[in-house]
Amino acid sequence: MLEAMIANIAKAPLKSQQRVNILSQIALPKLYHDLTIGVAYRKTLRRMDVLVRERVHTCLHRPKDTFLAFYAKCISGGLNIPSLITSILNAQRGSMERPVRPSLGLVRLAIADSSFANAMR
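With the numbering used here as the guide, the letters of the sequence shown map in order to residues 1 to 121.
Hints in this document: simulated from the structure, not taken from any laboratory.
Wrong hints could be hidden among the right ones.
Now the in silico label distances, taken between C-beta atoms and shown as ranges [unchecked claim]: (1) L51 / C74: 15 to 23 Å; (2) S95 / T58: 32 to 40 Å; (3) E54 / A91: 17 to 25 Å; (4) E54 / K15: 12 to 20 Å; (5) T86 / E54: 15 to 23 Å; (6) V50 / N8: 16 to 24 Å.
20 Å max Cα-Cα, derived SDA-like pairs, lysine to any residue [as the list claims (entries may be wrong)]: (7) K64 / R19; (8) K73 / V56; (9) K30 / Q92; (10) K43 / L28; (11) K73 / A27; (12) K73 / D49; (13) K73 / A10; (14) K73 / K43; (15) K73 / V50; (16) K43 / Y32.
Glycine is no exception: its CB is placed at the ideal position from the N, C-alpha and C atoms.
Start from the sequences and build out the full structure, keeping to the hints where you can.
Here you go:
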């Protein structure tokens, strides 16, 4: 799905900065819901991050040895492209920890079980 979105962005007659903005503000947030709710493995997220970094390099016509601050904020001189590994895993962890916050005794007992802790790793 990400590859198809990136291919559509690459085919469009856009300037390079427009492509990067569409990728970071439209294409990646579309994936967040599916990846947060579904099963997303670290290896898959890492591959997606590598694919995004490669496409940004080609969009901006940068040499391969040039360092690009992909994940830094725009104010700091970066491209403000979110890291899928950290953002998706933090969102998954947050959605699993949310039931612990209310005072539901059964939910706390279920989460305290060692099998639940192993499933979260």
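inquiry  = Run the distance test for K73 versus V56: straight-line Cα separation, threshold 20 Å.
reply    = Distance ~16 Å between K73 and V56 Cα, so the pair holds.
- Sort out whether L28 lies within 20 Å of K43, counting only the CA atoms. 17 Å, holds
* Would the pair K43 and Y32 pass a check requiring their Cα atoms to be no farther apart than 20 Å? -> Measuring from Cα to Cα gives roughly 16 Å; hence the hint holds.
Original post:
Okay, E54 versus A91 on CB: inside 17 to 25 Å?
Top reply: Cβ of E54 to Cβ of A91: about 24 Å, so the range 17 to 25 Å holds.
Compare the distance between the alpha carbons of K73 and V50 with 20 Å, and conclude whether the hinted pair is satisfied. 19 Å, holds
Does R19 lie within 20 Å of K64 when you go C-alpha to C-alpha? 19 Å, holds
request  = For the range 32 to 40 Å, tell me whether the beta carbons of S95 and T58 fit it or not.
outcome  = Hint holds: Cβ distance 34 Å, inside 32 to 40 Å.
Next pair to validate is K73 with D49; report whether the Cα-Cα distance is within 20 Å. 17 Å, holds
For K73 and A10, compute the direct alpha-carbon distance and say whether it is at most 20 Å. 23 Å, violated
Quiz item: Holds or violated: 16 to 24 Å for the Cβ distance of V50 and N8?
Solution: 19 Å, holds
Does the alpha-carbon distance linking K73 and A27 stay inside the 20 Å limit? Since the Cα atoms of K73 and A27 sit roughly 18 Å apart, the hinted pair holds (cutoff 20 Å).
Just to be careful, I want the Cα atoms of K30 and Q92 compared with a cutoff of 20 Å; is the pair within it? 16 Å, holds
In the structure shown, a violation is registered for the earlier hints numbered 13, 14, in ascending order.
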